[in-house]
Amino acid sequence: MKSPVHRCRDVEHGRGQGGAGTNCLQAEQRIPISKDVITSSSASAMWFIRDACGIICAVITWLLVFYAEFVVLFVMLLPSKNLTYSIVNGTLFNTLAFLALASHLRAMCTDPVSGTCLVLGSLGAVPKGNATKEYIESLQLKPGQVVYKCPKCCSIKPDRAHHCSVCKRCIRKMDHHCPWVNNCVGENNQKYFVLFTMYIALISLHALVMVVFHFLNCFEDDWTKCSSFSPPATVILLILLCFEGLLFLIFTSVMFGTQVHSICTDETGIEQLKKEERRWAKKTKWMNMRAVFGHPFSLLWFSPFSTPDHGKAETYQYVV
Numbered sequence: 001m002k003s004p005v006h007r008c009r010d011v012e013h014g015r016g017q018g019g020a021g022t023n024c025l026q027a028e029q030r031i032p033i034s035k036d037v038i039t040s041s042s043a044s045a046m047w048f049i050r051d052a053c054g055i056i057c058a059v060i061t062w063l064l065v066f067y068a069e070f071v072v073l074f075v076m077l078l079p080s081k082n083l084t085y086s087i088v089n090g091t092l093f094n095t096l097a098f099l100a101l102a103s104h105l106r107a108m109c110t111d112p113v114s115g116t117c118l119v120l121g122s123l124g125a126v127p128k129g130n131a132t133k134e135y136i137e138s139l140q141l142k143p144g145q146v147v148y149k150c151p152k153c154c155s156i157k158p159d160r161a162h163h164c165s166v167c168k169r170c171i172r173k174m175d176h177h178c179p180w181v182n183n184c185v186g187e188n189n190q191k192y193f194v195l196f197t198m199y200i201a202l203i204s205l206h207a208l209v210m211v212v213f214h215f216l217n218c219f220e221d222d223w224t225k226c227s228s229f230s231p232p233a234t235v236i237l238l239i240l241l242c243f244e245g246l247l248f249l250i251f252t253s254v255m256f257g258t259q260v261h262s263i264c265t266d267e268t269g270i271e272q273l274k275k276e277e278r279r280w281a282k283k284t285k286w287m288n289m290r291a292v293f294g295h296p297f298s299l300l301w302f303s304p305f306s307t308p309d310h311g312k313a314e315t316y317q318y319v320v
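Position 213 of the sequence shown, counting from 1, maps to 213 under our numbering, and the rest follow consecutively.
I should point out that these hints are in silico values taken from the structure, not numbers from a laboratory. Hints may be right or wrong, so weigh each one.
Stated by the list, open to error - The list that follows gives simulated cross-link-like pairs (lysine-lysine, BS3-like), each with its CA atoms no further than 30 angstroms apart:
no. : residue 1 : residue 2
1   : Lys168    : Lys152
2   : Lys285    : Lys142
3   : Lys152    : Lys142
4   : Lys81     : Lys282
5   : Lys152    : Lys275
6   : Lys274    : Lys168
7   : Lys81     : Lys168
8   : Lys285    : Lys275
9   : Lys285    : Lys152
10  : Lys285    : Lys274
What the hints assert, rightly or not - Beta-carbon label-pair distances, calculated as ranges:
no. : residue 1 : residue 2 : range
11  : Val166    : Val260    : 35 to 45 angstroms
12  : Ser298    : Lys81     : 48 to 58 angstroms
13  : Thr307    : Phe219    : 43 to 53 angstroms
14  : Leu300    : Gly269    : 42 to 52 angstroms
All C-beta atoms, glycine included, are put in the ideal place defined by N, C-alpha and C.
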């Protein structure tokens with residue numbers, strides 16, 4: 001007796017004709033895949049994208065934060081006569097800057113996919129080249145069931161996944177690829193990206209407020225006593241910081257707002273752009289927030305060092 005043939009086709013090619021062998025398919029039925037079937041190939045490995053543009057943007061991000069640190073400390077706070085003012089603002093600014101850089105590092109070096117295994121929170125990118133005829137047959141699918149396959153990375157494609165041309169992988173719940181963190185923003189690192197935009201916006205606002213106070217104090221006092229640098233150099237450094245702070249305050253505030261909106265609606269940026277039909281269960285905004293930041297709510301939501309605890313979150317089903 002012949003074994004049943006499972007139909008498949010390439011999802012990137014739309015609803016075209018079915019292919020043979022390992023060509024990929026659109027789903028007709030959703031079934032849960034055993035955790036033993038698709039496992040992470042890089043769970044213990046450090047995630048880093050070798051993209052020249054992304055690496056340059058990430059380095060620039062750190063250099064801009066270090067420049068702000070330099071101006072805030074050596075131009076405004078250390079020369080200040082008010083010790084309490086310097087200590088309070090220095091501690092606050094450095095704490096926020098440290099959290100921003102830590103969030104950036106976690107967003108950059110965290111595998112954006114937690115979805116190659118069914119259990120939420122397990123790490124691993126979608127394995128390349130696993131959508132072979134032999135592998136699909138080993139899944140022991142029922143007759144009539146179909147398989148999503150990405151023709152670009154030749155991998156079995158989870159539901160709500162999109163292929164990233166920079167990461168060269170399929171990323172589940174991919175929002176976008178951000179060169180500033182040299183990584184895709186996906187379901188497993190979205191928390192760190194949101195924290196990164198929030199802390200950058202906060203230090204930008206804090207720096208702008210300190211620049212305004214510094215200018216007001218210097219206009220009332222002798223400029224030579226306001227900074228250890230010459231007045232022209234002080235003005236140039238403060239103007240550059242003001243421009244940097246204003247630019248990144250606007251940019252990161254907008255990004256923060258769009259990310260929070262995306263989380264609350266449980267719809268990624270790509271899904272909104274492509275106006276994809278919603279095929280997943282609708283949940284409350286609070287449930288969606290907890291799905292990203294962890295269960296239950298605590299101060300750990302604001303820590304880039306805390307991996308989200310999803311508790312008894314619903315396991316994902318993959319389209320096969």
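Status of the hints after comparison with the structure:
1. Lys168 - Lys152: 8 angstroms, holds
2. Lys285 - Lys142: Violated, at about 36 angstroms.
3. Lys152 - Lys142: 26 angstroms, holds
4. Lys81 - Lys282: Given that 30 angstroms is the threshold and the Cα spacing comes to 56 angstroms, the pair is violated.
5. Lys152 - Lys275: 22 angstroms, holds
6. Lys274 - Lys168: The given pair, whose Cα atoms are some 20 angstroms apart, holds under the 30 angstroms limit.
7. Lys81 - Lys168: 54 angstroms, violated
8. Lys285 - Lys275: Cα-Cα ~20 angstroms, so holds.
9. Lys285 - Lys152: 34 angstroms, violated
10. Lys285 - Lys274: Holds, at roughly 22 angstroms.
11. Val166 - Val260: 35 to 45 angstroms: 24 angstroms, violated
12. Ser298 - Lys81: 48 to 58 angstroms: Because 40 angstroms falls outside the window, the suggested range is violated.
13. Thr307 - Phe219: 43 to 53 angstroms: Cβ of Thr307 to Cβ of Phe219: about 48 angstroms, so the range 43 to 53 angstroms holds.
14. Leu300 - Gly269: 42 to 52 angstroms: Cβ of Leu300 to Cβ of Gly269: about 26 angstroms, so the range 42 to 52 angstroms is violated.
Taken one by one, the earlier hints fail for this structure at numbers 2, 4, 7, 9, 11, 12, 14, listed in ascending order.
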